[in-house]
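Chains as they are written, first to last, in my numbering: chain A, 107 to 363; chain B, 107 to 363; chain C, 107 to 363.
Because the hints were derived from the structure by calculation, they are not lab data.
Any given hint might turn out to be false.
Where chains are identical, the list cannot tell them apart; a pair therefore holds if satisfied intra-copy or between any two copies.
Below, in silico cross-link-like pairs of lysine-lysine (BS3-like), each with a Cα-Cα straight-line distance of 30 Å or less [what the hints assert, rightly or not]:
hint: 1; residue 1: K358; residue 2: K325
hint: 2; residue 1: K165; residue 2: K210
hint: 3; residue 1: K249; residue 2: K165
hint: 4; residue 1: K325; residue 2: K222
hint: 5; residue 1: K118; residue 2: K326
hint: 6; residue 1: K222; residue 2: K169
hint: 7; residue 1: K155; residue 2: K356
hint: 8; residue 1: K210; residue 2: K118
hint: 9; residue 1: K262; residue 2: K215
hint: 10; residue 1: K169; residue 2: K249
hint: 11; residue 1: K262; residue 2: K325
hint: 12; residue 1: K224; residue 2: K258
hint: 13; residue 1: K169; residue 2: K210
hint: 14; residue 1: K118; residue 2: K325
hint: 15; residue 1: K186; residue 2: K325
hint: 16; residue 1: K165; residue 2: K358
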Amino acid sequence: MVVALLTDFGTKDHYVGVVKGKILCGLDPSQYPVFVDITHEIPPQDVLKGALTLFFAYKYFPKGTIFLCVVDPGVGTERKAIILQTEEHTFVGPDNGLFSFIIKNEPIKACFEIDKEKVLEPPYSSTFHARDLFAPAVARLIKGEDLRSFAKELSKDELVVLSLPEVVETEDGLLVPVIDVDRFGNLITALHQSACLRRFKVLVNDKEVPCVPSYGYAKKDELIALFGSEGFLEIAVREGSAYERLGIPKVKIVWIG
Amino acid sequence: MVVALLTDFGTKDHYVGVVKGKILCGLDPSQYPVFVDITHEIPPQDVLKGALTLFFAYKYFPKGTIFLCVVDPGVGTERKAIILQTEEHTFVGPDNGLFSFIIKNEPIKACFEIDKEKVLEPPYSSTFHARDLFAPAVARLIKGEDLRSFAKELSKDELVVLSLPEVVETEDGLLVPVIDVDRFGNLITALHQSACLRRFKVLVNDKEVPCVPSYGYAKKDELIALFGSEGFLEIAVREGSAYERLGIPKVKIVWIG
Amino acid sequence: MVVALLTDFGTKDHYVGVVKGKILCGLDPSQYPVFVDITHEIPPQDVLKGALTLFFAYKYFPKGTIFLCVVDPGVGTERKAIILQTEEHTFVGPDNGLFSFIIKNEPIKACFEIDKEKVLEPPYSSTFHARDLFAPAVARLIKGEDLRSFAKELSKDELVVLSLPEVVETEDGLLVPVIDVDRFGNLITALHQSACLRRFKVLVNDKEVPCVPSYGYAKKDELIALFGSEGFLEIAVREGSAYERLGIPKVKIVWIG
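Modelling step: build the complete structure from the supplied sequences, incorporating the hints.
Laid out in structure tokens, this is it:
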């Protein structure tokens, strides 16, 4: 069993370790999962960035993986604590949009609201549901407990869903928003290669930038465009940071021929 | 078996990986533990901060967990290398105060000094006892070796114990020191909710701040007080950093009614 | 089975998690390895630093460990994807010098070039071979597949090998380059203690610095020289950062007596 974790907890405090410890507390050693950290460095409270990172990651995990995802500015309030099931995976976390791109891209087999009264054990905190609510729920899932014994079914239509900035069609092409900046300073845009069926050129701040198959095809320090590992158009600098050079630039696609 | 790790080694070098590798070297694969990182970002040589983080974390780990904790400015000198046993857990690390709040809060069943001559294997380093002394000791514990074969019993009274700044009673309330700042910029104080049996208001730099049950009950950017996940009074900013706004402020409790 | 990972991917994105997920996808749960992160904070594209960190780490891992190492500015180009076998370990990654100090210090039993056509499964990315090429190769190794079914043997002489700055002999001693700076600001030099068979003194920016057995033997804030955990001469400040104080200084050894 694999438990993949994504949070905004950072790694300087004890928060992530305690969540893992709490999951293990509920299990027999023979049931201990393999923990895989997706990241804990989602910027504090940035639910949309968390949703996007989860979207880029989830499909590379084995069937049966439980994703525990917590970016949760509304912790302790009335926001729901949910469990989503897709064909391959189970997702556990707050209902605040963190699972937006799972909901948009995968058929949801079932979704549930965790019954706090059945899972929280006193004394519990109202500021750390990852430890006191979500971790015990994950342990119950690993043990194979019947979900309906601690959660009640919800309609998918009740879930919070967020949206990314979208590509805008113009007279001669597309205006393409930057939706993410990675560790290398690569600028990831909202344009998927599946939407680029015609020949095109890429303009960054109104100047044409060459399109290449991979970073290694550019000269050192050259500004380039390419389709990244998830198929989205990226603006990058070979062995450098496009973000440091340009900040968030204006990116445009112009159809040619 | 769970091995939980807490160090000031950071994650940019090979130090943490090597400690884990060294533990595994001493084991049969059937004995491999689950490693859980509490944190490796204790500020360099900050033993008190390490002690506090361990205190906030340890009780959420399963019975039998071995905690390997190394913040060790005195490595290679005469400071003792120790093993502490409580009812539920075993702690391994230097005797420099890192286990202060375990010693103060848990009955210590037994404590031992590791016999360096029996555990260090040449060639060993005098600057990296986590790898050369503590990791092999942890491996021996996992294998179930008799502690007395490589360590000798100590009196608990010989151990180094550090203290945190303490709450000070005033005429009308309490002066409350800030003892920690977490990743979110929340200011954690030394005041536990168990010491607040009367009605009170919270003053931060002499201005009253509202008390709420959780972050989500405040308005965005509002300065609030609340009892955090370990029951200590926190000063926080909803979706912001109290530390960035205030640094380390003066926090006071005034009894009312 | 242990899989140790070393990359320049950082931990803020999903990259490392996805590589682990992809390895697990190829395995039966009974084959799941223990993952140990050496580091993911090699500075972007700094192959030499990656090679050095791997060199400092590998010998502390159990026999049979597979090292997946990816610092790969040439990803997607014609650079080879390789597998090296030593007596104890297997190394997987790009052929760009990342394994230089393994090749220089260990007898290489065999080395192979991964056949991309046999391992890459469409759709694959040309920017993320760690996920699409190296992770599936690691999964095949764990499953015990015959290497020759997806890789072809290479001569060791074809491999890219990088060099570190070297110690230079002078009339009265040695000029010693700094080759690494660790998390504590310790300056690690290229001088191994095995090359210091005579009595010597250490000059840092032309001033003598005392040699001590370990950090704890110095006074707080004192500048010292010592042989670090891998046996290389280090310049350090007790409970401080030599790098912050000196940057990269000139280090000299003068033979005495």
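Which of the numbered hints are not met once you compare them with the structure shown?
Checked against the structure, no hint fails, so every one of them is satisfied.
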